[in-house]
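Enquirer: One-letter residues, chain by chain:
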Amino acid sequence: MTSRLTGLIRPLTAIPAALVSVGILLALTGDDPFSAMATLADGAFGSSQRTGETLTSFVPLALTGLAVAIGFRAGLFNIGAEGQLLMGALSAAAAGPFLADVPPVLSVPFVMVLGMLSGALWGFIPGYLKAVRDANEVITTLMLSYVAFFVTEYLVTGPLKTDGVLPATDLLPEMLRLPRLTEPGQVGIPDLGRLHAGVFVALAALAVAAFIAHRTTFGLRSRLVGRSVTASEYAGLDVRRTIIQTMALSGSIAGLAGAVQVLGVSYRLSSSFSPGFGFTGIAIALLGNLTAIGVLLAALLFAVLQTGGQVMQRLSGTPSSIVTIIQGLIILFVATRISGIKQVSTMLVRRKARGRRRGEE
Amino acid sequence: MPKTDRGSTFFDNTVVPGGSNEHPIVELRKVSRSFGEVIANESVDLKVASGRVHAVLGQNGAGKSTLMNILAGVIQPDSGKILVDGVPVTFRGAGDAFEAGIGMVHQHFQLVPSMTVAENVLLNDEPRRRGLIDRRQAHEMTVAALAPLGGEIDPGTQVSALSVAARQRVEIARVLRRDVRVLVLDEPTAVLAPNEAVDLMGLVRQMADRGTAVVLISHKLDEVLQVADHLTVLRTGHVVADQAAVGLDARSLANLMVGREVDMTHNEEAPQVVGDPVMSLRSVSTSPGAGGPALHDLDLDLLTGEVHGIAGVDGNGQRELVSVITGSVAPVQGAVLWGGEEVRSHSVRQRIDLGIAHIPEDRHDQGLFLEEDITTNLVMRRFQSPPASSAGILHRRTIADRARSRIEEFEIRGSAEQRSRELSGGNQQKVVLARELSGDARLVVAEQPTRGVDVASAQFIYRQLLRQRDEGNAVMVVSVDLDELLTLADRISVIYGGRLISTWRRDDFDVPAMAEAMTGASEATDPGSPS
Amino acid sequence: MTTIAFLVLLVGTTIRISAPIAFAALAATHAERSGVINVGIEGCMLFGAFGAVYGSHVSGSAAVGVLVGVLTSAFASLVLAFFCIVLQSNQIVAGMAINILALGMTRFGLDQIWGQPGVSPSVDGLGVLKLPLLSKIPVAGESIFTQNIIVFLLVPITIGSHFLLRRTAFGAHTTAVGELPSAAASVGISVWRTRFIAMAISGALAGLGGAALSLGQLTYFVEAMTAGRGFIALAANILGRWTPIGAVLAALLFGAADALQLSLQVLGVELPAQALLVLPYLVTVVVLAASSRRAHAPKALGEPYDATTPT
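Chains as they are written, first to last, in the numbering used here: chain R, 6 to 366; chain P, 20 to 550; chain Z, 444 to 754.
Among the hints, erroneous ones may be present.
[Stated by the list, open to error] What follows is a list of derived Cβ distance ranges for each label pair:
1) Arg319(R) / Ala716(Z): 46 to 52 Å
2) Gly603(Z) / Gly281(R): 33 to 39 Å
3) Val106(P) / Val354(R): 22 to 28 Å
[Said to hold, decoys possible] Incomplete in silico selection of chain Z near chain P, CB under 10 Å:
4) Thr611
5) His616
6) Ser625
7) Ser629
8) Pro741
It should be emphasised that the hints constitute simulated quantities derived from the structure, not laboratory data.
Even glycine gets a Cβ: it sits at the ideal position worked out from N, Cα and C.
For reference, chain R alone in the conformation it holds in the complex (with noise of 0.2 Å):
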């Protein structure tokens, strides 16, 4: 029990130390921390369209950071999971224009499921080269995402372009597109702007994802892969497939990321479809401490830091880069290792120590 809390404290810690050194830094550059802070809640909640739109980013930030956290626990460092998002856009707004004429009962789990084999392919190819040959992850993941972006941007500025001006695919059929929760002008319920039916397909996922980690064989080994390989081979487990198959699961889950994003909010594919979902991903996944609680919470707290900054920027001028700062710095907090600070004090103590020593002498 006292493991699980010390686990919460590294990422309890880090949030405050980032936003402290963000304020900082808008202090340094001649912004008003505290308004900025304050223009940046607001923005986030001041009002039910803007509570709605806060939980619209939550949907594929949720989904991402549940990504990476699968792969983190496999000890993968998933860094392309924006690639596999895209990969699971493309699909959902490629083969969506075809399915007009589908009840949406059957035609939009399918996309969903496209989105899903897209992504899970996408993360498959790292994973088998890793397995396989030990390519390192870290690089070939981010290089797949670059394919993957070069990828999408030629079909949709060629192919896939639908006509007129835009780069964009065509727009989905009315049909196919994720519901939204609630009208505007409905009598006793708050306006949720562009909320969608999509946030309950983040939340299925975020319960699935739990039950597979603590309750199957998969989940187990996974985990176990993840803590040391060399344990995992004497225990039997087959670290190749596991390798593999965290991977394509982890791939799978950031391509329904976009799917649902082309399905719930864009309705099409286009130039600049992603403010980087896939990479605040990995700050969402650790500061998430890689479970699928931490990654819910985490990830309404970057949804909530995404919204806000963005009218935080319109209104008060403060760039949306702070976000950006900010996550870093989260990234960073979080990756000290307890022990690690633990080591710098008992340092510093026993220099103490042996100073005070040294002078009864």
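Fit chains P and Z to the supplied structure of chain R, relying on the hints for placement.
Expert: Leaving out everything else, chains P and Z in the frame of chain R:
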């Protein structure tokens, strides 16, 4: 004691006049050191005098290594003083101790395998010319450093290409050349064959006679008695004896170390009716790997109801043999038979299912997931099949219940949810045992089963292994400690250079012959051939 | 254009394009040889590119800009080093943090200093150097021996790195620290100090790479302009087996993919732009798949050294 072909015997035990306790070179006074809650050394006094061999004895966990690391400057004491020539000093690192003339040769050699002998010996003392390393002078300096140690070692060789005994000489040369007045040797004969150990002890004697103070950490009581002038015995962090090495025998020393009459478990039980081979290796050869020699044409039968010991100096193919049996390596030639069926390509997983239990040599890297709790560690090899799981879903209650009963049965001091990292060495090994000796094991392969384990737990482990034998299973124990095997085994085979040299049955145990076989001096046809 | 002329053009373009990656690859070599995985090279390069442009903007001199860039990048690298070495953080995670911080802070800087998003205004860039005599050779002289000054700097720096790592005492210490830190510590070498120095050198080199990009190839800073080069550099170091010369040669290979794309454009070959732009990234993946890394990496790579408890 074993006599080597060369006819030399161990030096007999006379006190060599030299240094005295009144003018020690180095003194540790009331030194204490803890790691977290564990008190490694408590108020220890140690006086190291020149010209004598000073042995430091104690069980695993008694605090010997910590004390030596403090002496050599690797770690700092929490309290107490270190005096060099009567003057209090503080060592901020091994470098400071070096400057004061104290050098330590560790059990795990501090040699960089990919660098050459010269580069290792001269590390941080490289001769320079115009900013770059002067290679020619380096060569000469290295040759000079190696000279007093005999043997021809080319300074340009990569350390990874040298034998263990040669590496040890390089390590000693590395330390010795820095004008050390105190040389600390940590279990130096653990990796040597008996004749190499004799040579080393001779060297130790010579160094002491030349005036160096040699501090010898060892648990090999006989060896220590032959060469030491002075003894300090540590037990749970305290000094329990500090005297000249006169009039002592192994038994009284052991009692000092443990504090009570030691119950040496003897394999007194009449061996069960020895049955059929449960596993047989026929002409097995493996391809040469990174760590050790390849197996050559090896035959071995492991019989039910028998403990079969594999003796030998570390690095002669033991690991490869275990790998072939447990399934992590497939032989390039030969047959591996289980109850008559060929299983050479069976995976580790399949062998676990057959009933092959494996207590690995390295419980920290292999045998346990240190960051996981005891429950997970107890189930880590079997969770993918019933009763631990079915259709991919874990049966957590069953797993927890079984874990609890195992913990009780094996007297493991720890709770089921505790991380195994937090357990003592003995309890960690018990977890491994509890997992492997779970009842459906038909062959138990145990590697160095009591390494790093306190005496009480070691006795427990021996009892468990014998119980497996008595239940009609086959047990194979691989150990570098011949004494352990002599105590435990019904049959002992010696492995050398990837081959099984000879096998002896219990009634015919011939220790001198075994020692010879361990050095490769004999390739005799054995009196007790396998099966 | 004849084949020879095309090839010569390709070589020259390769050298030009590869320079930033080559500097970054050397940065990777130095850091990893001492045992620290430096995933943050991408971020340090970006900091260096930004610092270089800022320095040139403020002083009016490209040389000063390069200096500022190198110092900025080295500072970022030392921060990373602190987290990796002293606080013993997971080195990959800490490196990614630096990368993300670099993106955010340079974007922030663009906004604060110039008030325009995405791109800085042009500044004084580094000039081109024509090697005497060699640049008079027809065709080759124009493309291969006429390069930006900073590209030529690569040669002495690579050779210097080689000598530093292989022939000096510091190099031997670095190798020991990267393979078996306890062995180095046992003879009095400070593991932490050696690693900090290696990371400082690494940061400085990454900064040179960034400056080569923002003041050498261009004369302004663009958001996220490093575009993954820091990671390609990591792959180049792996392919080059953790040696300076190997890393630079490998960087040339990756740069060639990039150069091929530009040269084909010049030839007017009809391929979608993205097919060519994607080449360097694909080549990296293929190379990593083909080469096995385990055998040559420094054995203590990525393991923080605990200076308070003994081995």
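Enquirer: Run every hint past the structure and note whether it holds.
Expert: These are the hints, each one checked on the structure:
The hinted range of 46 to 52 Å is not satisfied by Arg319(R) and Ala716(Z), whose Cβ atoms lie roughly 33 Å apart. Gly603(Z) and Gly281(R) have their C-beta atoms about 38 Å apart, which keeps the hinted 33 to 39 Å range intact. As the Cβ distance of Val106(P) to Val354(R) is approximately 26 Å, the hint placing it in 22 to 28 Å holds. A distance limit of 10 Å between C-beta atoms decides the matter here; for Thr611(Z) the minimum to chain P is near 6 Å, and the interface restraint holds.
The criterion of a C-beta within 10 Å of any C-beta in chain P is met by His616(Z), whose closest approach is roughly 7 Å, and the hint holds. Using the Cβ-Cβ criterion of 10 Å, the hint placing Ser625(Z) at the interface with chain P is satisfied: the shortest such distance is roughly 6 Å. Interface hint status for Ser629(Z): upheld, as the beta-carbon distance to the closest one in chain P is roughly 5 Å, under 10 Å. The beta carbon of Pro741(Z) is positioned within 10 Å of a beta carbon in chain P (closest approach about 9 Å), and the interface hint is therefore held.
Comparing the model with each numbered hint stated earlier shows that hint 1 is the single one that does not hold.
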